[in-house]
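S.K.: Protein chains in written order, with the working numbering: chain A, 33 to 158; chain B, 15 to 381.
Take the hints with a grain of salt, since some may be wrong.
Said to hold, decoys possible - For lysine-lysine, the following DSS-like pairs were computed, each having C-alpha atoms within a straight-line distance of at most 27 Å:
no., chain 1, residue 1, chain 2, residue 2
1, B, K362, A, K82
2, B, K362, A, K109
3, A, K155, A, K142
What the hints assert, rightly or not - Covered stretches of chain B (chain A as the covering partner; in silico rule of three or more C-beta atoms under 8 Å from a C-beta of chain A):
no., region
4, 139 to 145
5, 194 to 205
6, 209 to 215
7, 325 to 334
Worth flagging that the hints you see were computed from the coordinates, not collected in a lab. Heads up, the beta-carbon is just placed ideally off N, CA and C, and yes, glycines get one too.
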Amino acid sequence: MSSDVRNDLKYTDDHEWLKVENKNAKVGITDHAQSELTDIVFVELPEIGKTVKKGDELCVVESVKSVSEIYAPVGGKVVGVNKKLEDEPEQINNSPYDDGWLVEIEIENKSEIDELLDADSYKKMI
Amino acid sequence: MPVKSPLHDLHKEFGARFTEFAGFEMPIQYTSIKDEHLTVRKSVGIFDVSHMSNVWITGDGAEDLISLTTVEDASKIPDGKSQYTAILRENGTVIDDTIFMHLGDKFMMIPNAGMADIVTNWLNEKAAEHNICANVENVSNEYVILAIQGPKSRDTLQKLTKTDLKNIGFFSCQYIKIADTDCIISHTGYTGELGFELQITPTTAAEKVFRKILEAGKEFGIKPIGLGARDTLRLEKGFILAGNEFEGGRTPLEAIMSWTINWDHDFIGKDALLKQKEKGDYERLTSIVFTEKGIPRHGCEIQKDGKKVGMVTSGTLSPCLNIGIAMGYVKPDFREQNNTLDVIVRNKPFKAKVVKPPFVPKDWAQN
Chain A
33 MSSDVRNDLK YTDDHEWLKV ENKNAKVGIT DHAQSELTDI VFVELPEIGK
83 TVKKGDELCV VESVKSVSEI YAPVGGKVVG VNKKLEDEPE QINNSPYDDG
133 WLVEIEIENK SEIDELLDAD SYKKMI
Chain B
15 MPVKSPLHDL HKEFGARFTE FAGFEMPIQY TSIKDEHLTV RKSVGIFDVS
65 HMSNVWITGD GAEDLISLTT VEDASKIPDG KSQYTAILRE NGTVIDDTIF
115 MHLGDKFMMI PNAGMADIVT NWLNEKAAEH NICANVENVS NEYVILAIQG
165 PKSRDTLQKL TKTDLKNIGF FSCQYIKIAD TDCIISHTGY TGELGFELQI
215 TPTTAAEKVF RKILEAGKEF GIKPIGLGAR DTLRLEKGFI LAGNEFEGGR
265 TPLEAIMSWT INWDHDFIGK DALLKQKEKG DYERLTSIVF TEKGIPRHGC
315 EIQKDGKKVG MVTSGTLSPC LNIGIAMGYV KPDFREQNNT LDVIVRNKPF
365 KAKVVKPPFV PKDWAQN
């Protein structure tokens with residue numbers, strides 16, 4: 033079963049995706065990651081306004097059996113969280129790139145985006 | 015290298031993902047834990063539990079040896095009955111919890127995964143020390159164990175045997191032919207649902223039985239079930255898991271297994287238990303539900319007003335109830351029903367309360 037990898041996104045080798053929109057970026061986990069985790073049943077989101085450095089723990093996604101930390105693909109300030117996931121964590125399984133987004137970050141240093149993987153490199157990795 | 019089940023390739027064929035558990039590589043899930051869990055609650059599932067051990071206890075003194083080394087008086091368990099019990103050290107802590115089956119003039123014991131040699135050696139040692147004429151043999155490698163569990167388990171198996179399964183009562187066992195294959199059947203399980211466990215030897219005969227059961231259960235939507243759902247199914251019923259709930263050395267009194275103890279006979283560990291009982295001041299396994307969103311996990315601290323009063327040994331999100339549930343050892347003053355406690359997950363307190371097990375009542379899916 034091959035996973036969906038979208039061309040307009042950037043990726044990390046921890047299976048997070050980043051969608052850049054001007055100075056902000058939405059972050060989520062990839063289709064491959066959600067299918068590996070299966071049934072996501074709980075999400076712990078950060079406080080809005082929290083600042084994170086690249087690689088810091090951003091949020092936690094739990095399946096029935098596992099706890100997975102999600103790391104910030106870029107540094108910056110948390111300006112939005114997908115509150116809907118607190119009631120419907122399964123959206124991450126159903127729609128990892130759209131309704132299942134996790135956090136929106138105001139990017140502090142745009143050059144960090146260049147360090148991320150493009151779709152082709154991520155496809156090769158998984 | 016972990017040991018693979020004789021059915022490993024079959025599990026691969028059904029899309030299993032594997033995990034290592036107590037030295038065995040076993041399926042953790044095929045589709046998803048939640049889906050498999052609900053399949054067992056509502057209909058029927060089949061588990062390969064060959065990681066569990068098989069030990070034959072034979073000889074004139076077999077019964078005496080079991081009575082000496084477990085909290086059960088084996089002379090009270092008639093031929094054709096299975097019994098859940100515990101094997102204790104002299105200090106009263108549990109070596110293993112197990113089921114033994116009384117099959118004619120011998121007994122088959124089913125210790126936990128990875129416990130076969132420990133239990134076999136312990137029993138043989140005690141037989142020698144006490145001059146009991148019994149032989150204990152680890153035959154785990156010769157058996158595949160299948161568990162068929164769920165409200166439709168009997169209807170599924172009945173299609174494959176001439177024996178009327180209604181005549182095999184709860185915690186009864188006997189030799190039987192299932193799918194033209196000689197098995198030992200026991201009306202037992204670890205899910206809290208109607209269910210049966212099959213011991214199959216030689217192991218090469220098991221693949222056919224597994225496939226026939228899947229075929230017979232097709233009309234009920236039977237699925238193969240992994241260890242992930244096995245764990246959530248047992249936890250919803252408040253059943254203990256040896257590796258978690260006995261960690262660090264726990265007595266049956268602490269693990270709320272006093273109901274299994276037959277005090278009217280002498281057994282190894284009895285004196286220690288009597289002393290503990292008299293003293294009374296010991297932690298006990300306690301069932302806890304979250305009253306807010308969150309998932310308790312093994313090792314989470316349990317607090318009352320910021321002070322540690324216990325520790326979670328098993329925790330999960332209940333697939334049936336969709337709330338966090340846990341078992342853990344809690345100090346005596348804090349385990350009254352409805353008492354509110356905090357469980358610390360990632361340094362944050364989550365509100366919880368003490369409840370009476372099981373978390374999920376009998377026949378949940380029917381109500």
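S.K.: For every hint, state whether the structure bears it out.
M.R.: How the hints compare with the structure:
1. B/K362 x A/K82: holds (17 Å)
2. B/K362 x A/K109: holds (22 Å)
3. A/K155 x A/K142: holds (23 Å)
4. 139 to 145: Coverage by chain A is violated here, the residue count being 0 at a Cβ distance below 8 Å.
5. 194 to 205: violated (count 0)
6. 209 to 215: violated (count 0)
7. 325 to 334: Our answer is that it holds, as 3 residues pass the Cβ test (under 8 Å) against chain A, meeting three.
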